[in-house]
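> Given the structure of chain A, go ahead and fit chain B onto it with the hints provided.
There are 2 protein chains.
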Amino acid sequence: MHNFVFQNPVKVVFGKGTIEKLAELIPLEDKVLVAYGGGSVKANGVYDQVLAALKGRDLVEFGGIEPNPRYETLMQAVGLVRAQGVSFLLAVGGGSVLDGVKFVAAASVFEGPEPWDILSCGAPVNRALPLGAVMTLPATGSEMNCFSVVSREETREKLAFGAPAVYPQFSILDPEATFSLPDRQVANGIVDAFAHVMEQYMTYPADAPLQDRMAEAVLATLIEIAPAAMAKPPSYAARADLVWAATMALNGVVGVGVPQDWATHGIGHELTALFGLDHGQTLAVVMPALLRHEMARKKRKLLQYGERIWGVVQGSEDERAVAAVQKTEEFFRSVGVKTRLSEYGITRGWDEVPARFEHRGTKLGEHGDIGAPEVREILELCR
Amino acid sequence: MHNFVFQNPVKVVFGKGTIEKLAELIPLEDKVLVAYGGGSVKANGVYDQVLAALKGRDLVEFGGIEPNPRYETLMQAVGLVRAQGVSFLLAVGGGSVLDGVKFVAAASVFEGPEPWDILSCGAPVNRALPLGAVMTLPATGSEMNCFSVVSREETREKLAFGAPAVYPQFSILDPEATFSLPDRQVANGIVDAFAHVMEQYMTYPADAPLQDRMAEAVLATLIEIAPAAMAKPPSYAARADLVWAATMALNGVVGVGVPQDWATHGIGHELTALFGLDHGQTLAVVMPALLRHEMARKKRKLLQYGERIWGVVQGSEDERAVAAVQKTEEFFRSVGVKTRLSEYGITRGWDEVPARFEHRGTKLGEHGDIGAPEVREILELCR
Chain A
3 MHNFVFQNPV KVVFGKGTIE KLAELIPLED KVLVAYGGGS VKANGVYDQV LAALKGRDLV
63 EFGGIEPNPR YETLMQAVGL VRAQGVSFLL AVGGGSVLDG VKFVAAASVF EGPEPWDILS
123 CGAPVNRALP LGAVMTLPAT GSEMNCFSVV SREETREKLA FGAPAVYPQF SILDPEATFS
183 LPDRQVANGI VDAFAHVMEQ YMTYPADAPL QDRMAEAVLA TLIEIAPAAM AKPPSYAARA
243 DLVWAATMAL NGVVGVGVPQ DWATHGIGHE LTALFGLDHG QTLAVVMPAL LRHEMARKKR
303 KLLQYGERIW GVVQGSEDER AVAAVQKTEE FFRSVGVKTR LSEYGITRGW DEVPARFEHR
363 GTKLGEHGDI GAPEVREILE LCR
Chain B
3 MHNFVFQNPV KVVFGKGTIE KLAELIPLED KVLVAYGGGS VKANGVYDQV LAALKGRDLV
63 EFGGIEPNPR YETLMQAVGL VRAQGVSFLL AVGGGSVLDG VKFVAAASVF EGPEPWDILS
123 CGAPVNRALP LGAVMTLPAT GSEMNCFSVV SREETREKLA FGAPAVYPQF SILDPEATFS
183 LPDRQVANGI VDAFAHVMEQ YMTYPADAPL QDRMAEAVLA TLIEIAPAAM AKPPSYAARA
243 DLVWAATMAL NGVVGVGVPQ DWATHGIGHE LTALFGLDHG QTLAVVMPAL LRHEMARKKR
303 KLLQYGERIW GVVQGSEDER AVAAVQKTEE FFRSVGVKTR LSEYGITRGW DEVPARFEHR
363 GTKLGEHGDI GAPEVREILE LCR
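Respectively, the protein sequence lines represent chains A and B. The opening residue of the first sequence carries number 3 in our numbering; numbering runs sequentially from there. The opening residue of the second sequence carries number 3 in our numbering; numbering runs sequentially from there.
Keep in mind that a hint or two might mislead.
Just so you know, same-sequence chains aren't split out, so a pair can sit in one copy or run between any two.
[Claimed, not checked] Here are the computed lysine to aspartate or glutamate pairs in the EDC-like style, where the Cα-Cα straight-line distance is at most 20 Å: (1) LYS57 - GLU26; (2) LYS18 - ASP209; (3) LYS234 - ASP209; (4) LYS44 - ASP185; (5) LYS13 - GLU159; (6) LYS44 - GLU63; (7) LYS301 - ASP320; (8) LYS329 - GLU226; (9) LYS44 - GLU178; (10) LYS329 - GLU309; (11) LYS44 - GLU22; (12) LYS365 - GLU354.
Don't read these hints as lab results, they were simulated from the structure. Keep in mind it's a predicted model, so treat the numbers as computed, not measured.
Chain A on its own, in the form it takes in the complex (with noise of 0.2 Å):
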């Protein structure tokens, strides 16, 4: 086990009609931006208890983040908060929202010039405004980690940042508030939490059996509940295990002390930014790729995870370690979610991709050599 450092201060409240405790969880001297993102909050009632809970409240209303939140459209957010002389930032809405309202408690009290240098090289956030969550979409872990993933629309760049200064102070977890979302956010979601577990876990033996058996737990919890989950009309017990399951997936339990990967998230983020495929899509398309490029080097770990996860216990080690990723490309598939570029009409124009991570010197995987060759080599594998 490497040395490591664990700690996350944030607060979850989690289960039914919990989002009457924001009453509590908000000082009352606050003015709080209330944010959200196209309006489904309004719709399914989440958006009305929030306004019950702090009736009487001085609050600012700011709507529109776009799912991949937009660096321009959170610098109106940024505008919006000084002008108004803003002091708590809630969140109401999926990750997206949340990764757009950590960003924008950064920004609004950045001393830089330009807050995209937040994302673009690094400038360091030492101090945000104070922010909460209700959310309404299981699938990134944005309300139990201090991470943020923000595109500019200009650019066509996806980029991430993280600091404990933007951890959300509270997290409210109600599995109902999440009854109405449309089966592909529901996939998506299930897809992301896999994947993000996954770049924590399929690397390679770090004395870690503790590490990875919380990692297993994960990944058996949401395959064995992904079918209840997407269900209709959906099960509250299956929803509120998706909902901690996405949760433990990104909260830097599974993580603590093992090597990591991320090459996927890489990868998928610039094919969000290039093509506009979803977050989740992206991981389905890449990471069954990724592993098997990788598969000598993830050998011992896809034997692990196929005998464990899978029960893959028969054939030779090659062959189990394909079967491992057959099996885990045919679970994103079996929540409908397409594993590869052609399906989603994508055929080509993918070299930008490759040519970014040369650009900018980026190399990723849990070895640190996964560049720009490497890249395009997974991106064949993803036709």
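Positioned in the frame of chain A, the structure of chain B alone reads:
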């Protein structure tokens, strides 16, 4: 899954050579009480590492905190803290030292006449002095929770309290600091961590498959690494796994949103208070007896546990449940911890235990209905 609130702010600093991080973890201006136990930390070099990291600081030393820390001793520390104007408490040792320091942190600023009220009648702990820990014994999980157990010599009582104010600000977990532990303490620690998970897991199904698998992850890991963790010389990898497993066993993660038992601990504390058994020894004695007494009501989980943890799949449901308990008792014995009262020379005199439950009106277990008569029956099964 039940509704829950989860927040754990402890900063875990894990790994080889991390004691030197104390220099940056405790503010320079603080006057620090350095508390420890019977002096093993002076013999094994840990105390010297602490002093080296805190060179030039304003320190007050307080040694002699016993296993099952005594109220009488801790009140001496409270006197010292108040007289010297101590502003930060550092525990150097195992769970007993840290539990003691948590109580001192609360008692030093307690506003009532008698800090014992915190333990005996739940007097509220709204604030406490800040504290941190350098841990030398993987067992209690105290390093990442807000619980404390304190004994009182005068009345032969052993009582617990918990309050967010006594979360450590940090806990340094250097697996090498455990290398000089006697076998008995390592074995007790393995049993303690195992029992902590069982108290949160071995109840009844509650639509919480992820929590179940997280609990099983810790149990399976403890079983896997126990031989190497007990070996001489100790294996760093196995000790690191044991340290992290003991922490994860009682930092709240495996127990969110599920019913919990804690009857084994409740009865075990009385056996320590009355007969002086080690905490781990009491758990090894009481848990198999409790599981036998509650077999019918715990059967669904016993069958799941038997199959997933011990591979028990043959025989009738009753036979499998019996086998699962038998495996548990054998595991405790495999690390050298005896599981029967008679093996500790105790053949009578335990009537005082149910009498105390009767007197206090305490009811234990996930159904809240294990009272004096049931405690008496369970103790008969501990013979």
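> If you test the structure against every hint from before, which numbers come out violated?
5
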